[in-house]
Every structure is written in C-alpha cells, then in structure tokens.
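Visitor: Those letters in the sequence shown? Residues 19 to 309, by my numbering.
Fair warning: there could be bad hints in the mix.
[What the hints assert, rightly or not] Now the in silico label distances, taken between C-beta atoms and shown as ranges: (1) Leu156 <-> Ile121: 15 to 23 angstroms; (2) Gly216 <-> Gln305: 32 to 40 angstroms; (3) Ala186 <-> Thr249: 26 to 34 angstroms; (4) Arg101 <-> Ala186: 44 to 52 angstroms; (5) Thr249 <-> Gly87: 26 to 34 angstroms; (6) Ala186 <-> Glu43: 32 to 40 angstroms; (7) Gly216 <-> Gly137: 38 to 46 angstroms; (8) Leu38 <-> Thr134: 37 to 45 angstroms.
It should be emphasised that the hints constitute simulated quantities derived from the structure, not laboratory data. Positions of the beta carbon are idealized from the N, C-alpha and C atoms, including for glycine.
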Amino acid sequence: MTIWNLGSINADLAYSVPRLPLPGETIAASSMLRGLGGKGANMSVAAARAASRVVHLGAVGADGGWAVGRMMEYGVDTRHIARVDAVTGHAVILVDDGGENSIVIHHGANHAIPETLLGSALSEASTGDWLLMQNETLLQPEAAALARRLGLKVAYVPAPFEIDAASAVLPFCDLLVLNEVECDQLTTAMEAGLADLGIDTVVVTEGARGGRLHTRRNRWQPRRFAAPQVTSVDTTGAGDTFAGYLVAGLDRGMPLEQAVGMAAKAAALMVTRHGTADVIPDLRDVQEARF
19 MTIWNLGSIN ADLAYSVPRL PLPGETIAAS SMLRGLGGKG ANMSVAAARA ASRVVHLGAV
79 GADGGWAVGR MMEYGVDTRH IARVDAVTGH AVILVDDGGE NSIVIHHGAN HAIPETLLGS
139 ALSEASTGDW LLMQNETLLQ PEAAALARRL GLKVAYVPAP FEIDAASAVL PFCDLLVLNE
199 VECDQLTTAM EAGLADLGID TVVVTEGARG GRLHTRRNRW QPRRFAAPQV TSVDTTGAGD
259 TFAGYLVAGL DRGMPLEQAV GMAAKAAALM VTRHGTADVI PDLRDVQEAR F
C-alpha cells in the first residue's frame, strides 16, 4: 500500500536560546541550524523511515531544489512536488534550554500547490491507500473528497489548528491525530464531543504523558497509552514523527495499539535530538531503542 501525503515543505531555521523571549525583548541565540522541515515533509520522512512507501504532494519555489533532493535521499517519492512561482516555505524556530519551542512559519509555495496536481497524483492511488494531510497547505477539503471517492482512507492532523479547515475535512476523515490543546480547541469550536464527530479513530497525544485512543469500536471509551520517559532537548517535529510513524504502522497492517506504541517510541527518540526532518529516527533506531 501507499501513503499519499498532501503536505508542506519548509526550510527550517532553528535557533537555540536560553529561554523564549518576552514581547519586545531581544535575546542572543547560542547556535543556528538550517534544515528540512514543515509538518508535511516531516511526516513524509517519518513514514518513509518507518518502512512505508510515501508519495509527497506539495510545492517548492525555484529555491527549493535542495529540499526535494533531501526528501528523495530519505526515501520519499517526490514526483508530485511542483515547482511554483513563489518562495519555498520556511519556518523560524526558537528552542529553549528545556526543549520547548516557539515557531513562526511563512507559507510561501505551500499555499500555491496547483489543484490539478491532486487529480494527476491520486489517479495513481489504489483502494485502501492512505491520504495524509495537515493544515500548512491549501486544498485539504478537495483532496479529502477526492480520496474518499477513490476508496482511500483519510488521516488528518489539524495543525496548525483552523476550525474552518477542520470542519471541511472531518466528514471525510477516518483517522484524526491531534494533541490535547488542539483537541480542546476542536471540541469547543464544534460544540461537540469526540464521539459526535463521526470519525472511526481519534488519537490524542499528551506529550510525555503519552495520550489516549478513542475508537468507534470501543464505544469511544478512552484507552490510555504511555510515552517512554526520556530527557527532552527539542520537541520540534515530535508530533509529526508520531503521526508519520502511526500512519505507516497502520499502512503496514499493524493493529492500532501496536502502531501507536511504535509511534510513541519514535517521538520519544525525536525529542532527544536537535532538528526536524533531518534527524527523524529510522525504523532500526526505534526497534533497538531501550527506554
């Protein structure tokens, strides 16, 4: 099977700072890293490193050839990444000494993906494949509706949270993956509980506390899962790593609980590393990890 990921591609500029600055405050960074990022690229790399076949649907500008090349090196099929007349997306990331981050993104080419790309790419998909999406691009509702018509399963990570985008995608969604803040935002905005969203499986992550599973099969009774306890140095990309590994596990036929366990281990490894897509652990790292 194949994972088709409609997602962002960013140049990440990550600065290490002693603490996150207050409004109006200037502080000095101790180091800076430039690497591949964006929620979409992170998830594609994570799923590919988890041994799934991944096709990325996205766009970069004339300055983005390096990002496409790096994704290819990491095992992602990049044939459906368009070159558009816009600057490649980028993110400015501040990471403090405790591993917490603050991020500003510029969408750039991520908001210029041609709609024709959806049809040309998904015409190659097979029934039972997965479509994975986030909120750093446009065209999510169109892609979700097309995927459902073609018999694909739809996995959605509503981050950064936007209620209009989420409302348009949820009717087509099979798997929803979100953190506890996004869960509160969604249920408050929708004035509905998770059981009322009409989605078969909802996974809510809670950082170092693990998270919980809500499924139609278990009548929406929450089941908790644990997260390995590690010393965090950088939480950037951990949620993306979790989502990519989770969908990869399901794509490979794993039971939900096993796929979640693998994803939690991958995310735990991720927070012990500085960087984003370039340092996402591969499957061997996850399998050999001893927490």
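Visitor: All the hints need checking, so say for each whether the structure fits it.
Guide: Consistency of the hints with the structure:
Between Leu156 and Ile121 the CB atoms are about 19 angstroms apart, so this pair conforms to the stated range of 15 to 23 angstroms. Take Gly216 and Gln305: their Cβ atoms lie about 35 angstroms apart, and the range 32 to 40 angstroms holds. One distance hint, 26 to 34 angstroms for the beta-carbon pair Ala186 and Thr249, is violated here, with the actual separation near 40 angstroms. Hint check: Arg101 to Ala186, Cβ distance near 27 angstroms, so the stated range 44 to 52 angstroms is violated.
In this structure, Thr249 and Gly87 meet the distance hint of 26 to 34 angstroms, their C-beta atoms being roughly 33 angstroms apart. For the pair Ala186 and Glu43, the supplied restraint of 32 to 40 angstroms holds, since their beta-carbon distance comes to about 38 angstroms. Between Gly216 and Gly137 the beta carbon distance is about 26 angstroms. The supplied range of 38 to 46 angstroms is therefore violated. With their beta carbons about 41 angstroms apart, Leu38 and Thr134 fall inside the hinted range of 37 to 45 angstroms.
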